[in-house]
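> Here are the chains, one letter per residue:
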Amino acid sequence: MLKYQLSRRNFLQQTGVWAAAASFGGLPNLAYAASDRSKELNIYCWEGYNSDDVLDPFRKEFAAKVRAEGLTSDPDAVNRLRAGETKVWDIINVNNPWAREMMYPEGLIKPIPRERFDPYYDKMMPAFKPPYKWAMDAKGKDLLGMTQRFGPFSFVVNTDKISRKMAEDQGFKLFLDPAMKGRYGILTYDNWNIYHMCIAADIDPFRKHTKAEITKFGEVAKQIFNGAKNLTDDLVAMNLALINGEIDAYFTGGTYTASPARLDGAKNIRGITPNSGPMGGKGGIVWIELTSVVNNPNPSPLAEDFLEYVQRPDVSKKVAFAEGTYNPVTQMGSQEVLSTFSKEELDAIQWDSLEQEMANSVDYDINPDYAEMYELYSAAKRERKT
Amino acid sequence: MAKTSQSNMSSWLKQPGVLAALPASLFLLIGFAGPLLLVVAYSFMPSKTFTLLQAPTIENYSSIISDSYYISFFWSLAMALTTVVLLFIICYPIAYGMAKLFNKWANLVTALIAVPILISENIRLFGWVLILLKNGVFDGSMQSLFGLSISGLLFTVPAITLGLVYVYLPFMLFPLVIGISMVPETLKEAASDLGATRWQIFREIELPLSMPGLMIGGILTFVLVLGSLAEAKILGGQAIVMIADDIESAFTFAQNWPKGSALSVLLIALSGIIVFLLFRRVDLDRVIGRR
Chain X
1 MLKYQLSRRN FLQQTGVWAA AASFGGLPNL AYAASDRSKE LNIYCWEGYN
51 SDDVLDPFRK EFAAKVRAEG LTSDPDAVNR LRAGETKVWD IINVNNPWAR
101 EMMYPEGLIK PIPRERFDPY YDKMMPAFKP PYKWAMDAKG KDLLGMTQRF
151 GPFSFVVNTD KISRKMAEDQ GFKLFLDPAM KGRYGILTYD NWNIYHMCIA
201 ADIDPFRKHT KAEITKFGEV AKQIFNGAKN LTDDLVAMNL ALINGEIDAY
251 FTGGTYTASP ARLDGAKNIR GITPNSGPMG GKGGIVWIEL TSVVNNPNPS
301 PLAEDFLEYV QRPDVSKKVA FAEGTYNPVT QMGSQEVLST FSKEELDAIQ
351 WDSLEQEMAN SVDYDINPDY AEMYELYSAA KRERKT
Chain R
1 MAKTSQSNMS SWLKQPGVLA ALPASLFLLI GFAGPLLLVV AYSFMPSKTF
51 TLLQAPTIEN YSSIISDSYY ISFFWSLAMA LTTVVLLFII CYPIAYGMAK
101 LFNKWANLVT ALIAVPILIS ENIRLFGWVL ILLKNGVFDG SMQSLFGLSI
151 SGLLFTVPAI TLGLVYVYLP FMLFPLVIGI SMVPETLKEA ASDLGATRWQ
201 IFREIELPLS MPGLMIGGIL TFVLVLGSLA EAKILGGQAI VMIADDIESA
251 FTFAQNWPKG SALSVLLIAL SGIIVFLLFR RVDLDRVIGR R
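Protein sequences appear in the order of chains X and R. Each residue of the first sequence is one higher than the one before, counting from 1 in my numbering. Each residue of the second sequence is one higher than the one before, counting from 1 in my numbering.
Since the hints were derived computationally from the structure, they do not count as laboratory data. Check the hints yourself; a few may be wrong.
[Stated by the list, open to error] Label-pair ranges, simulated between beta-carbon atoms:
{"hint": "1", "chain 1": "X", "residue 1": "Asp160", "chain 2": "R", "residue 2": "Ala106", "range": "51 to 57 angstroms"}
{"hint": "2", "chain 1": "X", "residue 1": "Glu69", "chain 2": "R", "residue 2": "Glu59", "range": "32 to 38 angstroms"}
{"hint": "3", "chain 1": "R", "residue 1": "Ser63", "chain 2": "X", "residue 2": "Pro368", "range": "19 to 25 angstroms"}
Glycine is no exception: its CB is placed at the ideal position from the N, C-alpha and C atoms.
Only chain X is shown next, with the shape it has when bound in the complex (with noise of 0.2 angstroms):
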């Protein structure tokens, strides 16, 4: 029989290399770089795509380990692909310009094949046929990715305090107005923050701009800080502080941010498009997500499957309403997707007016003087007297 004896000194040697091989296990780098990844795949992701609701079945049915991290700003996103995690994700979702005018030039993302896909496309809401621009490389060539989440954003009013026609007649003039001061909040996604500053300015946010713009949006942006109640970047908190009565709009938000308080029961909280506004003839803006395939250069093979598999029905609409915020997707063109939406779940997501509001927005872009802007926006922000 073999009789395993521990001494101190062999004790201390086992310590050392179970220590050193657990810390070569904790790499993922390492291990991932020489490992099969035939039934695994990496998801980085606006919160949603991360939901267990969402990936359980997809784990299920291809028999894969499926890791998922929810993202919390598209910059950091990207960031963090250029920083090397190309190696980490085959998955990515972020808002609709990065693909086409960043990723994909900065090749962190692949092209997936056109004719797997195309046929998603064509059963979409009628905006999003193909080729849609956002989806396609700047030649109208490759395909990027697939869209499904979208929505207007604008900004978000309660109801009962400020009407949704004025609201929607005053566009962004309404931070402007000194009767609002110390009555708003802003939901500080700064890069939002910037464009919607712009358009209170009466500027296109999309275009190159003359030195009196940028000066313009400075001083709009200061106003615009100085009037503010609260500051912060967590939807919660804010429509919290809308409800309770602490603010009576805020700026910078939509039904991507006031669906949970509507689904909840606060109808009052409603995300308003403006009417009119500077972008020929447009006052706001929808966000229209992407999800990508990334660079990976020991790629899972499940990552197209996965896109695929988003595209169905049921899960269509779990991603529509997974934990968090709840969106209107691009799916909801084909009515059997549509039809498994309830009364409540269309009012959140506010159905009735998404056409409208569609109608009145222009697709969220690269802003060319953005760099510049921000260190205007920045500034307002240090600066803002209290």
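Go by the hints and put chain R onto chain X.
Here is chain R on its own, set in the frame of chain X:
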């Protein structure tokens, strides 16, 4: 000659002390010094670039100085100083009790103060949001009990201060307990026998002898508050912008790693200088009882 120095070197390397320190030194080098050096290197790269292979420049530092970042540095420093002073006033009596008076109850008090550390800071701060919110726990209770509405507590500088004092209390308290327990009772008795008043004993014996604990608690909380972010964001509604917030924004929304790095280097330098100056006055060996 060369041979001698080589053998000196190899015998030095074979010392148990050097060998034992090797894993920790390597770990520190890779895990601590490495990333710090990267941050320093990035801070000299041209604005809004993502590689280190460019001609170094000081443009990030000059733009930080010419912009209004001094406001964020000022607020971070002011909040750090205020928190340290408030924590000293709050913690000294508790620490005194724990070190000298509570006896067997001291363990219970320690546990009560230490347990909240096990809960995420953000969750604890959100608890305070619910208390301070308009129509929240505090305002609602005041309305129903006394018919008084006390709103407007949230999203203010005092709310941020409350959050900072609450979150960092243990970091001041426990070093203070050690500091105060180092004061020998016999010295106090001797002073008392020689006619010193209670105030004189505190000022001339207890305070100077517990100073190392106070210094360590002060440095810990000062540095932690200097780099803090959550309190100003969650409880303060960013009524003020802390420097850590500016750093985060530079790395994320602004997509400007070099500027974020330069701000980080300045913050590290600032806290480094303060800690260095203060540590010159503290004898660490004494605090941990080796002398």
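> Evaluate each hint against the coordinates.
Now the hints, each set against the structure:
Between Asp160/X and Ala106/R the beta carbon distance is about 53 angstroms. The supplied range of 51 to 57 angstroms therefore holds. For Glu69/X paired with Glu59/R, a C-beta distance near 34 angstroms keeps the hint of 32 to 38 angstroms intact. The supplied range of 19 to 25 angstroms is met by Ser63/R and Pro368/X, whose beta-carbon atoms lie about 20 angstroms from each other.
The structure agrees with every numbered hint stated previously.
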